[in-house]
Amino acid sequence: MAVLQYLINGLSIGSIYAIIALGYTMVYGIAKMLNFAHGDVIMVGAYISYCVMIYLKMPPVVAILAAIVVCTVLGVLIEALAYRPLRGTSSLAVLITAIGVSYFLQNAAQLIWGVAQKTYSSVVTMESVHLFDGKILITGEVIVTIITSAVVMVCLTLFTSKTRTGKAMRAVSEDRDAAQLMGINVNRTIAVTFAIGSALAAIAGVLLCSASPALKPTTGSMPGIRAFTAAVFGGIGSVPGAMLGGILLGVIEELCKGLISTQFSDAIVFGVLIIVLLVKPTGLLGKQIQEKV
Amino acid sequence: MKKLFAFVMAVMMVVGLFAGCGGDAGGNASDKGDAIRIGLSGPFTGDNAVYGNAVKWGMEVAVEEINAKGGVQIHFMSEDDVSDNEKAGTAYATLMDNNMQIFAGAVTTGPCLTLAPKTVTDNIFMMTPSGSNEDIPKAGDNVFQMCFTDPNQGAASAELINSQKMGTKIGVLYDSTTDYSNGIKKSFENAASELQMEIAAVTSFDANTTDYKTQLQQLQSAECDIVFMPIYAAQAVTVLTNANEMGYKPVFLGCDGMDGVLTQENFDTSLAEGLIMMTPYAADNDDPANVAFVEKYKEKSGGEAPNQFAADGYDVIYAIYEGCVAKGITGKTSNADTCAALKEYFATATFNGLTGTNMTWDETGMVSKVPTAVEVQNGTYVSK
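Protein chains in written order, with my numbering: chain A, 393 to 685; chain B, 176 to 559.
Just so you know, these hints were derived from the structure itself, not from any lab.
Since we're looking at a predicted model, the values are computed, not measured.
Quick reminder that beta carbons are idealized off the backbone N, C-alpha and C, glycines included.
Among the clues, some could well be false.
Computed footprint of chain B on chain A, listed as stretches where at least three residues anywhere in the stretch have a Cβ under 8 Å from a Cβ of chain B [claimed, not checked]: (1) 580-586; (2) 598-606; (3) 612-618; (4) 647-656.
With the Cβ distance kept under 8 Å, some of the chain B side facing chain A (calculated, not the full set) [to be verified]: (5) Ser351; (6) Thr389; (7) Ala409; (8) Thr413; (9) Thr416.
Build the full structure now, drawing on both the sequences and the hints.
Structure (structure tokens):
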């Protein structure tokens, strides 16, 4: 019975990784850059929703909307100020800038909200579900997170395949120069990508802190890195891959902790990652892209 | 091109030379007057910033009080080490460049273990307010502690469980990535085996853990009715929240790092009801000295009540101050003489502070502070 509970815990953590990984994969797929500041945008989203809920005493719905708006604006600003001037330079320069932005956000948050940890109140009011005479527990947060990440995944897939902007994104992703020649505004398309990615980060922040209530300036960085790993695991650039990678990573992690060893779980998780990448270098659902010679 | 490079290098070297001179001149005792230069290295940013800032603010309150009195003056300086061993080396070097005379750090265990040997080499007197690992004072006879040590706490916790018959099946939950948690866990296990107490389950988490349900599930499956967790308050908040969601209600027992759990912003303190922890200090103590400290501390912290880290920091400054007054140390005394005089002083000194009365130090530099257990009842600490 304990195994089933570990599995559910894994799903719970995995679905949070999944929703963060969706943001990573989206930005990578289209802008071809690793936005390491993504985890910190999550943290900002969590803080904004916390402030609206606790200090302004607004209902959670307002808090979530406020977080989405602030993060979207923040994401577009980061892209315009930090990444756009570097477009066309080496990808290493952009990567280092992203790490810089990440530190900037963490330290700014520390200045604004202080260093002491805050305890987040869950936005989920749904009752927990007890199965098998209370032996198995599924919290409301788990159910809401899984449903949200599934809905987000479907919406993103539909958006990129059906809408005009979504098609422009895919065009930019495939060949930036050619897309520009065809009259697609590359800068605007990438800005929209960042806006969507950051809005997702806000939702992820709210869900992450609802499930584990410790809110501090470094809250987003560790889950961010895990989710990035999940995105690579599932095949970076692939939307369903991010979802699959996140959930698998969470489940493997919790099963290792529960059944083998809490101390070796990371070694095992990353061992699995290495094996998967050796066998399938593009990740589980990643597409093999032929380099033109 | 080569010539230009050589020229630039030459200019930089000359500037470096002058900068060196400037530093020396600035550090002359005459320049800073008679003020005793005390340095602190601690995490003021990053995950452990809450401890570093508590110590710093506590020390600043003490320094301001002492300087306002007239007489011996203190020049206090602090450097951020982010609780990182490597950065602690840089922070310490910066303090030494600024002519630090006495080292009142570091705050967390890792940097303390890194820096203690350096103070031995440099012959600098060191007293850590909060580094509780037993190996810290063993680095040299110039290294002292203000907080009680990890073995102390681990052993006291085991004895407490044994004497009060708190539970039949003991579980241990610890953080495998900190020296602090590992140290206490080890001493708890040793004491438990001496007392022939059986530990039913041991589980751990690491710095990356955000959810503790799996670990709690392991303890619950082993039917532990008392859980010893030598961890910091920041993680305890999530542990207690997770346990509540699971409907798992053992007795939770923590150590000094658990202190501050009640002051976590927006934390539902009813979740901590019945939690037992080891602490030498309670902010709600109505001793006039403490009331004054709490008031001044809140001005610095933006309204947060002090925890034992703040009180330990405050006590360290006063202990050093009393030593300096007794031995006639001033800013003009050399580092070696300061160190020798303070070593001599603390060998026989008795100190009364916020965190205890009649404290003495043994030959290794450990303080004679007895861990006392408090239980959380109706949102406040009650002595156990």
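Comparing the hints with the structure gives:
Counting residues of the stretch 580-586 of chain A whose beta carbon lies closer than 8 Å to any beta carbon of chain B gives 0, which falls short of the minimum of three for the stated coverage. Taking a C-beta to C-beta cut-off of 8 Å, the stretch 598-606 of chain A contributes 5 residues in contact with chain B, enough for the three needed, and the coverage statement holds. Remark: the stretch 612-618 of chain A is confirmed as covered by chain B, as 3 of its residues place a Cβ nearer than 8 Å to a Cβ of that chain, reaching the required three. Coverage of a stretch by a chain is defined here by at least three residues with a beta carbon nearer than 8 Å to that chain's beta carbons; for the stretch 647-656 of chain A and chain B the count is 4, and the condition holds.
Against a cut-off of 8 Å between C-beta atoms, the interface hint on Ser351(B) holds, since the closest Cβ of chain A lies about 5 Å away. Interface hint at Thr389(B): satisfied, since its Cβ lies 5 Å from the closest Cβ of chain A, which is below the 8 Å cut-off. At a threshold of 8 Å, the smallest CB-CB gap from Ala409(B) to chain A is about 5 Å, leaving the interface hint in force. Against a cut-off of 8 Å between C-beta atoms, the interface hint on Thr413(B) holds, since the closest Cβ of chain A lies about 5 Å away.
Interface restraint check: Thr416(B) against chain A, minimum CB-CB distance 5 Å, threshold 8 Å, status holds.
The structure fails to meet hint 1 from the earlier list, while all remaining hints are met.
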